[in-house]
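The residues making up each chain are set out below.
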Amino acid sequence: MPKPRRLKIPGIFTGMKITLLELLRTMFPKRGIKTLIPSPTRGAVTVQYPHESEAPTPRARGVIALKSENCTVCMLCSRSCPDWCIYIEGHKTKAPPRRPGGKERTVSALDRFDIDYALCMYCGICVEVCPFDALFWSPEYEYSEPRLADLLHDEARLNEWMETVPDFEPYEAGSEAKVRKVPR
Amino acid sequence: MTGTVLALELSYWQESLLRVLGVLLAVLLPAGALVYTFLFKMMSFMQSRLGPMEAGPYGSIQLLAEVGKFLQKEDLVPAQADRRLFLLAPYIVVASTFLIYVVMPFGPDAHFTSLDTGIFLAMALSSVSVIGILVAGWASANKYSLIGGLRAAGQLIAYELPLVLAVVGVVIQAGTLNLQGIVAAQHQGEIFGWGGIGNPFILTQLVGFLVFLAATQAELAQPPFDMPVAESEIITGYMTEYSGMRFLLFFIGEFATAGAFAAIGATLFLGGWAVPFVDLDDNMMNIAGPLVLFAKVMLVSFLIFWVRFTFPRFREDQLQAFAWKFLIPISLVNILATMALKVAF
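Protein chains in written order, with this note's numbering: chain A, 1 to 184; chain B, 185 to 529.
What the hints contain is simulated information worked out from the structure, not anything from laboratory work.
C-beta: ideal position from N, C-alpha, C; glycine also.
There's no promise every hint is true.
[To be verified] Only part of the chain B face toward chain A is listed, based on derived beta-carbon distances under 10 Å:
hint, residue
1, Leu223
2, Lys225
3, Ser228
4, Phe229
5, Met230
6, Ser232
7, Leu234
8, Gly235
9, Glu238
10, Tyr242
11, Trp490
12, Val491
13, Phe493
14, Thr494
15, Phe495
16, Arg497
[Claimed, not checked] Chain B residues, not near chain A, derived (Cβ > 10 Å throughout):
hint, residue
17, Gly206
18, Gly216
19, Met226
20, Gln231
21, Met237
22, Ala265
23, Glu374
24, Ile419
25, Glu500
26, Phe529
Just chain A, with the same shape it has in the complex:
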């Protein structure tokens, strides 16, 4: 049986229908009798940023957070950074022995860990390369500064952002790899 021929609407009118429907959908998003009340603030997808803020996705690359306790001053992140925007200084120091009567341990202490976010291009190589779980992505994004130089954020600030790092999401079913844990 041949298909019944449908009346073909020229594309020029279809296009105009699409824009009109989108207009109506944005202006009158409510259902039922309330349809007649125009409420574009609900219909539009716009988030009016300073008044309301958007919830970033958990894996969003907002800012790099630092867990200072895990840092061994190995400099891998600093050396792998394409922009050279990570500044690390440290010194050797003695730590008490693990067991009583043991030898004193030599450890590296972190003196300075700054990231210049004016230079950072958010490539995430430092996070990837860190073997000691000291660097993490945080979805936090509100850290703009009026002065460019103030975007050099220091260790204390990077440690604060550690609290905003979300837990890693569980892998898909059947995965044998263990889910990484964010050190708290």
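Starting from the structure of chain A, add chain B where the hints point.
Here is chain B on its own, set in the frame of chain A:
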């Protein structure tokens, strides 16, 4: 307008001052309303956005902020530019827009002048803006401006014809060039002997109305006919070198012309300031007429801007072919049919 307004005797200079203020009001208020309602809000809603929301409630005084911004900017003139022509060009464009309103009727007595050649004058004045645009393109000493100016000239001349031809159909049916006469002809017209709502010419001249809308769109250099200001190819065409106040004048010119053409369309096809069941000589219409006309202008400009925000840009050759091979033949056929029917009935 006679020497009396609301039973006040006015001397010539007072009357002239009132007229200047009236034209400013009649041009700038609709232009502002068009920009806010359509360019800021309707376009945003069609794209699921909100548009300006910060300046005033729902961004309603955003336009004042924009004007303030443009007024602060430096008035740049390129070193190689033909300085006097460069400075003059925006005024030519804006003047042609303002002059269209001279013949526009807003009520039985509310008009600036009631010329017997009204619509002819309006069409003639609207094409003066081509000169301003060409001058702007040439005087900028910039290849993008020159190409934009030439494209604009080619396009405006091509679309001037269907515009005038579409109007001719209405003129034949009304039997007069006077815009007041055309309003009266529609108000007193009859549909098959029934004079209830008069006979707005959109019913008999639907083809003319559609051709008029398409040609208007092109005259305004709005998408999909915005080849003269195609920003991906020639920046903003003839406006490239303009900044500050003079750019603002071009901007006002664009939207005030949209308002003016919408007003002409509303007058020619939708019955102008007149309302069915209300007597043409009713003094009340001097106050209500402008509002009625404004409502009809918003309706026509809704169509214009709806098309503007829907379609992508025509290519230059498609644009010319559309005018010469489609709109002009169709409007000629429309004129012939109108003539034949006018003689038959």
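Cross-check of the supplied hints:
1. Leu223: It is violated, given that the least Cβ distance between B/Leu223 and chain A is near 14 Å, above 10 Å.
2. Lys225: 8 Å, holds
3. Ser228: 7 Å, holds
4. Phe229: 4 Å, holds
5. Met230: 5 Å, holds
6. Ser232: 5 Å, holds
7. Leu234: 4 Å, holds
8. Gly235: Hint holds; B/Gly235 Cβ to chain A Cβ min 8 Å, cut 10 Å.
9. Glu238: Interface hint status for B/Glu238: holds (9 Å vs cutoff 10 Å).
10. Tyr242: 8 Å, holds
11. Trp490: 6 Å, holds
12. Val491: Hint on B/Val491: holds, closest Cβ of chain A at ~7 Å, below 10 Å.
13. Phe493: 6 Å, holds
14. Thr494: Result: holds, 5 Å to nearest chain A Cβ.
15. Phe495: This interface hint holds because 6 Å falls under the 10 Å limit.
16. Arg497: At about 13 Å, which exceeds the 10 Å cut-off, the nearest Cβ of chain A leaves the hint on B/Arg497 violated.
17. Gly206: Check passes; 33 Å lies beyond 10 Å.
18. Gly216: 20 Å, holds
19. Met226: Check fails; 6 Å does not lie beyond 10 Å.
20. Gln231: Check fails; 7 Å does not lie beyond 10 Å.
21. Met237: Since the minimum Cβ distance to chain A is about 6 Å, B/Met237 lies within 10 Å and the statement is violated.
22. Ala265: 37 Å, holds
23. Glu374: 32 Å, holds
24. Ile419: 26 Å, holds
25. Glu500: B/Glu500 clear of chain A: closest Cβ-Cβ about 20 Å, beyond 10 Å.
26. Phe529: About 32 Å separates B/Phe529 from the closest Cβ of chain A, which puts it past 10 Å; holds.
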